[in-house]
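Enquirer: Sequence:
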Amino acid sequence: MILLTDELREQLLANGQNRDVDHVPVVKFFNPFGEGVWLATELDPDGDIMFGLADIGYPELGSWSLSEMQAIRLPFGMGIERDLLFATSLPVSVWAEAAREAGSIRAAQRIAHALALTERERGT
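Residues are numbered in my numbering as their position in the sequence shown, beginning at 1, plus a constant of 1232.
For the record, the hints were derived by calculation from the structure and aren't laboratory data. Don't take each hint at face value.
To be verified - Listed next, with one range per pair, are the computed distances between beta-carbon atoms:
no.: 1; residue 1: Phe-1318; residue 2: Gln-1249; range: 19 to 27 Å
no.: 2; residue 1: Pro-1277; residue 2: Thr-1350; range: 32 to 40 Å
no.: 3; residue 1: Leu-1293; residue 2: Ala-1246; range: 17 to 25 Å
Yeah, the Cβ is synthetic: ideal placement off N, Cα and C, and Gly gets one too.
Take these sequences, add in the hints, and give me the full structure.
Expert: Next comes the structure, spelled out in structure tokens:
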């Protein structure tokens, strides 16, 4: 699977030019066989170093290498996947707080979904 489309790459690079903003995650990556979820908000100009919320046992904000993620080999010839259905309007700080409270990004998805519904109902 292609982890980044041209459109996603452009958005991540644009976000990376302004690090003072609490960006909304652009893309979600996951390990289909176990631990490992990443919500990327930014990409450095080098095209490799991403920033966002990572959860490989404990959710934390930080940076990781896209090329290293692409090099991961899992059982049955699989690798890290991109969640094709992922969409959010919540900034990464809200995701980070929810993930810490819930214990993981996967568990935080229920909290984030409820928050997004509340936002929509309020019209914000």
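Enquirer: Next, verify each hint and record whether it holds.
Expert: Right, here's what the structure says about each hint:
no.: 1; hint: Phe-1318 - Gln-1249: 19 to 27 Å; verdict: holds (23 Å)
no.: 2; hint: Pro-1277 - Thr-1350: 32 to 40 Å; verdict: holds (36 Å)
no.: 3; hint: Leu-1293 - Ala-1246: 17 to 25 Å; verdict: holds (19 Å)
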